[in-house]
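**Q** What follows is the residue order along each chain.
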Amino acid sequence: MFNTVFPYLLTGISVGGQYALIAIGYTMVYGILRLINFAHGDVFMVAGIVMVYLNASGIPLWLSIVLTLLITVAIGFSIERIAYKPLRSAPRMSIMISAIGVSYTLQNLVLYITGGLNQFYPKIPFISNSVTIFGASTKMVTLVTPVLTVILVVALVMLINHTKIGMAMRAVSKDFETSQLMGIKINSVISTTFIIGSFLAAVGSMLYFTNYNTVIQTSGAMPGLKAFVAAVFGGIGSIPGAVVGAFVIGICENIIKGLDIILFKAGITTQNLGLATFSDAFTFALLIVILIVKPTGLFGEKTTDKV
Amino acid sequence: MKKILAILMVLCLMLPAFAVAEDMPVVKIGVFEPASGDSGAGGKQEMLGMQYANKIAPTVTIGDTEYKVELVYADNGSSTDKAPTAAAELVNQQVSVVLGSYGSGVSIAGSRNFADAGIPAIGVTCTNPQVTLGNTHYFRICFLDPFQGTVLANYAYKELGAQVAYCLAELGNDYDTGLTYYFQQAFEALGGMVISETFPTGTSDFTSYINNATGYGAGVFFAPCSLAYSTLIVDQAADLNVNFALMGGDTWDSNMVLEAATGTNLNILVSTFYQEGGNPEFDNGFKAWLNEDAEALTNNGGNDIIAAVSVMGYDAYFTALEALKAAGSTDSKAVNTALWNVTLEGVSGKIAFDEIGDAIRDTAYIKSVNTATGAWDFVAVQGVN
Amino acid sequence: MRTKKINSSTLWSALVIALVYVGVFIAEQSLPSTSMLFTVLKKGATYALVAVSMNLLNGFTGLFSLGQAGFMLIGAYTYAILTIPVADRMNVYQYYAGGLVQFAMPVIPALIVAGLVAAVFAFLIGLPVLRLKSDYLAIATLGFAEIIRAIFQWNKLGALTNGSNILREFPTFNDFNIVNAEGEVVVYLSTTIPFLIAGVCIAIIVLLINSTYGRSLRAVKDDEVAAEAMGINLAHHKQLSFCVSSFFAGIGGAMLAMYQSTIQAKAFTSAMTYEILLIVVIGGIGSITGSCLASFLFVACSEWWLRFLDQKQMIGDFEVPLLRNGFRLVVFSIIIMIVVLFFRQGIMGTKELPDLFGRKKNLKREVKA
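Chains as they are written, first to last, in this note's numbering: chain A, 1 to 307; chain B, 308 to 692; chain C, 693 to 1061.
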């Protein structure tokens, strides 16, 4: 039984870690701006494309990694300045639509640049290697992802709880207007949020695309949506919530993909029910259940965790 | 500021498309192919064949007049919801005949637009029977899924000795679903067991599906899906050290699959329309053209290995020219009537249509990936038996 | 309150609308039927209906729902399943032995059933979901749309839905053309009929908005607490608006099926909902006229006017740079961004057609910027 379930669990944890890195970006932006940043998943995808093109230009791999991180951060920063800042006083719906517009623009730009074809992601040594663990064979990145995710999240929580900018972020998320009156530079706090979010999305994209090795303009849509669901599931605005939510969703969706065979092996069913069809839908079903039972998500009430 | 912006935007929209004046009369052939999306890479390779053919034979004599052949492109985006508009665009351009598409779903989706406008279409590598069944305007020059599925099932059961086959298809892709369905029918008829699963569009994580196949003890993993997915499957199967053979349909016959498989220890088998070396004259000419034209080379995936779909695109173009000649006019309805009797000795074999509009073909090539050299090894010519 | 007396601006508006219909009919008879114009008009009429139905929810009731694609899917499937001729079912349901449904309905009843089924689903979904507020409602409805899509693709329901495979052979817009015995078209109606269907549906929505119910809905939008204090049953009104909107989204989905001539569940993604939301915003949130105009502009730009950007163009010997496949969409998305950022009110703001002819605005409907 363990042998049957284990490979799915392993993939699930890995996928969960990657979702977590994206989900943090959603949750932080929501915490401060009350904005569902629909473009975040596409920033994640653009990070992948940037890496592909940098690597193709022939510069050393470490340099492309560094540049990818920088460029993604710059993109995240500029999106906020160009598309969200002018709308700060507008109704919230306008900003959200602007976010949808940015998402649309990024996808179409990438479609144009790549010609709409899959781009092969460069292999990053070490994390691309194969390993065997408890009889299940997988890529090194599967093991690296959760560890790296946890390290980054701890660092981020430290940043938020123990630094000045972190304090400013917490203040802004508590009360936008009052903190402005208290002399907090709202714009720089928001920019920092977007920078951190984009940085984590870039790291996430490296782990994700190393695993799945092709990038196309729509690559960001589903992971983005799932990460967003993870953020809502965990209680939007809460970083630990987003991480927990991401792992839950990552593991569940992979178990669903293997549910038929698990049930089959356990002798519960005798035929294939095609349950794998519901691997995506299950994520949303989970979301709706949690929203109805506990509308603010798992960790939603603890406002102290809010960014 | 706002007013200037508004005026600028309006001006942009008013920018007229400039028509190029030509001395020679022009006959338009519509190219209904995916240039983007999951099947974009395959569609581009198929278009390469047509473009090369267009370079070889840029004009055609219809009646007594020599016409310049112009290829008109419409990107169906590999998706059935974009296909009708792309088809309408071709209809709007008043093409005489349409070539395409790569992928059965988009062909079916665009079919009605061509039918209503009375324009015939020549399917190039859309293998689902439903494309041509029950209509008089859609033709096809390749073999069909019931044939291909049976061939592959026979090979898997008899040659590979597989007892259990794991089939994986993309949800809502008629090509995948059709081919796995016929494979399953044939494989089960032989006495094997088939597990069939589907994955949603946009999936990039196939490890769970590959684990499923291992769990069921599959001897062969049959996943005749778009190139975008097949390369992922190859890559992830290699990481998981699978011990079953991977099998694909004609979509897998691409240098991108070769690239992904090189250096692994996988056993990959595909069925296809053409084996490189079948027509050296074509091979050499095509390769020389690819190496000359940087854009074409990029569209072929960066090297000059010939994809079978390019050959089919080439043959489709000449089938269209034959039909135009036989019709004696550029009128699409006349071309439609003429197509029924067109025969052609194509690069991929003899082309003639039966009463449904399908090519009469009874052989498929099976090849395997040589993972050491990164080339195709010829395995067998396979009929239904 | 607006006076019931018919004033001149209303008359002018009616005249303009009538002229549009006459214009469409005449154009259809005189221009070649292959023109891209008609493709745009058909798809535009379809999107106009869906956009108006979304506007009813988002613009007039203040419920931010992103489930439109899901309800369109239900409508499209219901229509297709009910109208495929029995003789063709064997071919369409090729893997499911002809399918479960073995009868075919006429088009108009099937359209109404399509709307009803969508509305029933909306009612069931609305029971738990409508209690949620703003963003949470948006994401829950988006989630439901995704779940609906997965259910329709499940191969165990294949006998009904054909699994994830394409549905086709049902009557399309072109089947409205009147043909003579030789199969030649005598009267073209393939564009006029979708205009009529969409027009009737939109007229019903306009009537609803201008009724007592409509005013209550607007009160709910402006201030839920105040509205409740005034004796408006919140749950009841939200549910009503949600079901009506879904009913028309269902009909819109059925029209989309007729336009496309084939349908498949996998096309009804959240991207489709976003597209419709963009149309609503471009037209002006809270303006029916705006939604209609924006639909036609949106479809024309994306499918027709900008097509030349996708092909190489020569001006003399000069090849215009940047033009290749995909450029159209880049330009298009930049235009959308400009509209979203600089023309926040959209084309019409909250104005309607009669307002353009000098109707006095009696209702204070300006959006608080």
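Some hints here could point you the wrong way.
As the list claims (entries may be wrong) - The calculated lysine to any residue pairs, modelled on SDA-like cross-linking and capped at a C-alpha distance of 25 Å, are:
id, chain 1, residue 1, chain 2, residue 2
1, A, Lys185, A, Leu159
2, A, Lys85, C, Val1022
3, C, Lys848, A, Leu159
What the hints assert, rightly or not - Label-pair distances were calculated between CB atoms; the ranges are:
id, chain 1, residue 1, chain 2, residue 2, range
4, A, Pro60, B, Ala601, 43 to 51 Å
5, B, Glu662, A, Ser128, 37 to 45 Å
6, B, Thr366, A, Val66, 51 to 59 Å
Derived from the structure by calculation, the hints contain no laboratory data. Even for Gly, the Cβ is constructed at its ideal location relative to N, Cα and C.
**Q** Indicate, hint by hint, whether the structure satisfies it.
**A** Outcome of the hint check:
1. A:Lys185 x A:Leu159: This hinted pair holds, its Cα atoms lying about 18 Å apart.
2. A:Lys85 x C:Val1022: holds (22 Å)
3. C:Lys848 x A:Leu159: Given that 25 Å is the threshold and the Cα spacing comes to 50 Å, the pair is violated.
4. A:Pro60 x B:Ala601: 43 to 51 Å: Violated, since A:Pro60 and B:Ala601 (Cβ atoms, about 26 Å apart) do not stay within the stated range.
5. B:Glu662 x A:Ser128: 37 to 45 Å: Given range 37 to 45 Å: violated, Cβ gap about 54 Å.
6. B:Thr366 x A:Val66: 51 to 59 Å: With a Cβ separation near 55 Å, B:Thr366 and A:Val66 satisfy 51 to 59 Å, so the hint holds.
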